[in-house]
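Enquirer: Chains as they are written, first to last, in this note's numbering: chain A, 1 to 157; chain B, 1 to 378; chain C, 1 to 281.
Be a bit skeptical, because a hint or two may be false.
Said to hold, decoys possible - Below, a list of computed lysine-lysine pairs in the BS3-like style, where the Cα atoms sit at most 25 Å apart:
no. : chain 1 : residue 1 : chain 2 : residue 2
1   : B       : K254      : B       : K196
2   : B       : K244      : B       : K216
3   : B       : K153      : B       : K10
4   : C       : K275      : B       : K254
5   : B       : K254      : B       : K66
6   : B       : K267      : B       : K71
7   : C       : K8        : B       : K134
8   : B       : K38       : B       : K66
9   : C       : K8        : B       : K103
10  : B       : K106      : B       : K134
11  : B       : K197      : B       : K71
12  : C       : K23       : C       : K111
13  : B       : K254      : B       : K244
14  : B       : K38       : B       : K71
15  : B       : K197      : B       : K66
16  : C       : K23       : C       : K166
17  : B       : K196      : B       : K66
18  : C       : K162      : B       : K103
19  : B       : K138      : C       : K90
20  : B       : K254      : C       : K162
21  : B       : K97       : B       : K138
22  : B       : K153      : C       : K8
23  : C       : K90       : B       : K106
24  : C       : K271      : B       : K97
25  : B       : K134      : B       : K267
26  : B       : K106      : C       : K166
27  : B       : K97       : B       : K71
28  : B       : K138      : C       : K166
29  : A       : K96       : A       : K131
30  : B       : K239      : B       : K254
31  : B       : K267      : B       : K138
Hints in this document: simulated from the structure, not taken from any laboratory.
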Amino acid sequence: MVQEIGLDQLIREHPFFEGLDDATLELIAGCAANERFDAGQYVFREGQPADKFYMVRHGSVALEVRAPGRDSIVLQTCDDGDVMGWSWLVPPFRWKWDARATRLSRLVSFDAICLRGKLDADPALGYAMYKRFVRVIAERLANARLQMLDLYGAGKE
Amino acid sequence: MTAKQSPLQKASIIDVQTLDDLISTLAHAGYQVIGPRKQDDAIVYDTLRSAGDLPVGYADEQDGGKYRLVKARDGIYFDYVVGPQSWKRFLFPPHQKICQMRKQGKAFRIVEETAEPPCYAFFGVRACEIAAMKVQDKVFDNGTFADPGYLGKRNAAFIVAVNCGRAGGTCFCASMNTGPRAQGGFDLALTEIVEKKRHVFLIEAGSVRGSEILAKIPRRAATGEDTAAALAATDRAVKGMGRKMVEDVGPLLKRNLEHARWGEVAKRCLTCANCTMVCPTCFCSTVEDVTDLSGSNAERWRRWDSCFTMDFSYIHGGAVRRETSSRYRQWMTHKLSSWFEQFGTSGCVGCGRCITWCPVGIDITEEARAIWESEGRR
Amino acid sequence: MKEMTALKDPMVPAPFRIERVRKELSDTFTIDLVSAERRRAFSFLPGQFNMLYVFGVGEIPISISGDPADPETIVHTTRAVGSVTNAMWKLGAGQTIGVRGPFGTSWPVEKAEGLDVVIVTGGIGLAPLRPAIYQIMSNRAAYGNVCILYGARTPEDILFRKELEKWRGQFDLQVDVTVDYATGRWAGRVGVVTKLIGRGGFDPHQTVALVCGPEIMMRFAVEALAERGVPNERIYVSLERNMKCGIGFCGHCQLGGDFVCKDGPVFGFDKIAHKFAIQEL
Chain A
1 MVQEIGLDQL IREHPFFEGL DDATLELIAG CAANERFDAG QYVFREGQPA DKFYMVRHGS
61 VALEVRAPGR DSIVLQTCDD GDVMGWSWLV PPFRWKWDAR ATRLSRLVSF DAICLRGKLD
121 ADPALGYAMY KRFVRVIAER LANARLQMLD LYGAGKE
Chain B
1 MTAKQSPLQK ASIIDVQTLD DLISTLAHAG YQVIGPRKQD DAIVYDTLRS AGDLPVGYAD
61 EQDGGKYRLV KARDGIYFDY VVGPQSWKRF LFPPHQKICQ MRKQGKAFRI VEETAEPPCY
121 AFFGVRACEI AAMKVQDKVF DNGTFADPGY LGKRNAAFIV AVNCGRAGGT CFCASMNTGP
181 RAQGGFDLAL TEIVEKKRHV FLIEAGSVRG SEILAKIPRR AATGEDTAAA LAATDRAVKG
241 MGRKMVEDVG PLLKRNLEHA RWGEVAKRCL TCANCTMVCP TCFCSTVEDV TDLSGSNAER
301 WRRWDSCFTM DFSYIHGGAV RRETSSRYRQ WMTHKLSSWF EQFGTSGCVG CGRCITWCPV
361 GIDITEEARA IWESEGRR
Chain C
1 MKEMTALKDP MVPAPFRIER VRKELSDTFT IDLVSAERRR AFSFLPGQFN MLYVFGVGEI
61 PISISGDPAD PETIVHTTRA VGSVTNAMWK LGAGQTIGVR GPFGTSWPVE KAEGLDVVIV
121 TGGIGLAPLR PAIYQIMSNR AAYGNVCILY GARTPEDILF RKELEKWRGQ FDLQVDVTVD
181 YATGRWAGRV GVVTKLIGRG GFDPHQTVAL VCGPEIMMRF AVEALAERGV PNERIYVSLE
241 RNMKCGIGFC GHCQLGGDFV CKDGPVFGFD KIAHKFAIQE L
């Protein structure tokens with residue numbers, strides 16, 4: 001029989017949550033749930049309320065933008081271990097992009113509505129979480145800029 | 001000071017007329033004698049048939065961006081110093097064929113060429129120019145690769161040095177420890193002694209083949225008075241030297257790769273590459289491909305290149321050094337600083353050519369001093 | 001002074017016969033060469049390059065992309081971006097190319113024995129690393145974990161795709177490929193190659209990192225490696241500069257006191273980190 005790793009342990013071992021105290025980890029684990037998405041299934045859609053964030057356990061989720069007359073444009077993929085989604089922190093709390101599983105993906109979702117209230121009520125907790133999400137956002141921004149540079153492009157002759 | 005005095009102890013005195021014997025003796029020994037000649041109002045290096053070809057009685061006025069040949073003391077052979085050319089044009093020619101290829105069906109083959117390297121006697125080589133040759137020796141035999149063309153000519157070349165009795169307007173060899181007296185690296189060395197009652201040359205042999213040539217010309221042993229007169233001549237050149245390189249310039253520039261002065265000098269620099277063309281140690285080159293009209297013969301030619309051109313640092317996508325400041329910095333830091341890392345020696349010998357031939361008179365000693373002073377020194 | 005008459009001129013190329021030219025990508029091809037004089041062995045170290053001469057057109061440096069264990073065929077992979085590479089691509093089997101080399105420093109494949117190896121590469125940068133991968137694979141037991149992290153512009157620009165797929169199928173190799181722009185039915189990763197470093201399966205304290213790609217990519221890769229804890233002295237990068245001779249004579253490839261052709265192209269990052277920081281050096 002396969003040993004199922006508990007959500008609690010999974011969260012404790014993830015570098016994203018490293019450094020948080022037990023009470024906070026317990027609180028976060030309390031908001032967490034396992035979710036499964038088949039290839040092609042949307043995790044969330046552009047414009048919908050952003051009431052969750054995710055951690056990719058296994059699989060790959062493409063962040064996409066739709067355009068008429070062509071396939072959706074993939075901006076990036078979130079893969080094993082990535083933390084995905086920060087629209088829940090920024091008003092108006094709606095997803096900017098589509099997120100679609102490109103293959104069978106198992107995610108941990110975190111109930112953001114519950115967390116948002118707690119972050120507002122407890123500035124220390126709020127700061128601890130914001131610090132972690134700023135990192136995700138900064139990384140995302142840096143990577144987007146690198147992508148934009150078209151490093152391997154033909155260059156100019 | 002034994003190293004300095006030992007050649008002088010074996011010194012001889014020759015009359016001025018004997019210079020002609022020396023040139024003809026070298027020619028008879030199979031050397032193509034090259035020396036200073038007056039051409040287009042400048043001193044250039046070209047074939048000497050006799051001492052009469054030398055620019056006797058001329059001196060040069062040199063300063064930043066200025067060179068003028070003037071009539072000076074009558075009968076004096078070596079009152080001028082270095083001109084726009086250097087001996088590198090013979091050892092490392094500005095334009096030189098590397099190889100020739102011929103098409104044969106789908107393939108091509110390399111055409112074997114076995115030309116004997118020319119056998120030069122360089123007549124009138126200044127101390128800074130000997131130093132420059134030693135610098136280029138390390139470039140073209142870098143421990144891993146050697147340029148047989150360069151080495152063939154260099155090893156065959158007979159060097160007749162002339163110790164400077166007068167400093168040129170842009171000279172700074174004394175502060176680079178390369179002159180004005182040649183400390184070895186020659187086969188024969190001349191010092192012109194000009195006194196009220198006599199005009200002679202003190203001549204020293206620096207090699208076996210130098211002694212062999214010397215043995216064939218009329219001479220007498222030098223006295224202590226003669227050697228003192230010769231040393232006094234070069235001392236006068238030291239005293240007359242107006243420019244000086246700041247001390248420890250290598251580490252100085254290395255720690256100032258980012259400095260406002262690069263931007264300042266870039267406002268004047270025209271990136272014309274004159275400094276690199278006249279520099280006796282600059283060795284950068286590029287390769288050109290040529291084919292004949294039938295397309296069945298191709299040649300590869302090596303041509304002097306300069307770090308001041310935009311193409312020089314071109315990699316796919318663009319040039320690495322696009323700014324004038326970057327290119328000037330490359331040239332100056334290479335010459336005075338990174339050369340030490342590469343070859344264990346300075347790439348600058350203090351000849352002053354880059355100052356004289358810069359159309360806007362940029363002075364490498366002044367640029368170095370500006371950075372030196374910016375560190376709070378005086 | 002010693003006689004130098006017997007010395008061979010290192011600027012004169014040796015003729016090699018083209019055995020095969022094949023298209024790799026829309027702008028990239030591989031050319032296989034054998035010595036035209038006789039079937040003489042050509043030995044090189046992974047990371048080294050040759051100067052390749054096309055009759056009448058010119059000569060350029062191209063890194064060797066073949067297997068160091070095969071001494072008879074020299075393999076080069078390059079993009080057709082200039083007059084020489086474009087002319088080279090038009091050549092066919094049986095024609096001649098002039099070769100000088102091999103030149104330059106190599107990847108520290110032997111020094112990495114006993115350690116994990118992470119290879120971070122993008123675009124055509126995989127070509128100069130392929131000989132190192134071959135050599136590591138032929139002596140796989142000598143290394144810990146081996147990761148190949150590769151980034152390409154689009155799925156159509158993935159170099160040596162079949163080989164990457166083959167390597168990925170092996171149990172003893174982690175191969176992660178990402179593209180900057182997804183096209184068609186690409187179901188793999190999308191994002192920059194540096195993102196793969198964060199989760200690469202290597203122990204940063206016991207790893208040698210080999211990095212090759214565009215200079216900006218290398219700078220960010222080095223940063224990501226440093227963030228994982230890989231020290232500069234175990235990070236190696238391969239640099240590109242203009243080269244006319246490959247032997248330290250022409251001066252074009254200078255980077256401060258280094259001749260990239262002779263002191264590089266592969267450098268320990270600790271040796272050049274300070275130079276990376278200076279613009280237009």
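Enquirer: None of the hints should be skipped; say for each whether it holds.
Expert: The hints, checked one at a time:
| no. | hint | result |
| --- | --- | --- |
| 1 | B:K254 - B:K196 | violated, 50 Å |
| 2 | B:K244 - B:K216 | violated, 40 Å |
| 3 | B:K153 - B:K10 | violated, 28 Å |
| 4 | C:K275 - B:K254 | holds, 11 Å |
| 5 | B:K254 - B:K66 | violated, 30 Å |
| 6 | B:K267 - B:K71 | violated, 36 Å |
| 7 | C:K8 - B:K134 | holds, 22 Å |
| 8 | B:K38 - B:K66 | holds, 17 Å |
| 9 | C:K8 - B:K103 | holds, 22 Å |
| 10 | B:K106 - B:K134 | violated, 45 Å |
| 11 | B:K197 - B:K71 | holds, 21 Å |
| 12 | C:K23 - C:K111 | violated, 34 Å |
| 13 | B:K254 - B:K244 | holds, 19 Å |
| 14 | B:K38 - B:K71 | holds, 12 Å |
| 15 | B:K197 - B:K66 | violated, 34 Å |
| 16 | C:K23 - C:K166 | holds, 19 Å |
| 17 | B:K196 - B:K66 | violated, 32 Å |
| 18 | C:K162 - B:K103 | violated, 37 Å |
| 19 | B:K138 - C:K90 | violated, 40 Å |
| 20 | B:K254 - C:K162 | violated, 47 Å |
| 21 | B:K97 - B:K138 | holds, 22 Å |
| 22 | B:K153 - C:K8 | holds, 15 Å |
| 23 | C:K90 - B:K106 | holds, 13 Å |
| 24 | C:K271 - B:K97 | violated, 37 Å |
| 25 | B:K134 - B:K267 | violated, 34 Å |
| 26 | B:K106 - C:K166 | violated, 37 Å |
| 27 | B:K97 - B:K71 | violated, 40 Å |
| 28 | B:K138 - C:K166 | violated, 49 Å |
| 29 | A:K96 - A:K131 | holds, 21 Å |
| 30 | B:K239 - B:K254 | violated, 30 Å |
| 31 | B:K267 - B:K138 | violated, 34 Å |
Violated hints, listed in ascending order, are 1, 2, 3, 5, 6, 10, 12, 15, 17, 18, 19, 20, 24, 25, 26, 27, 28, 30 and 31; each of the other numbered hints is respected by the structure.
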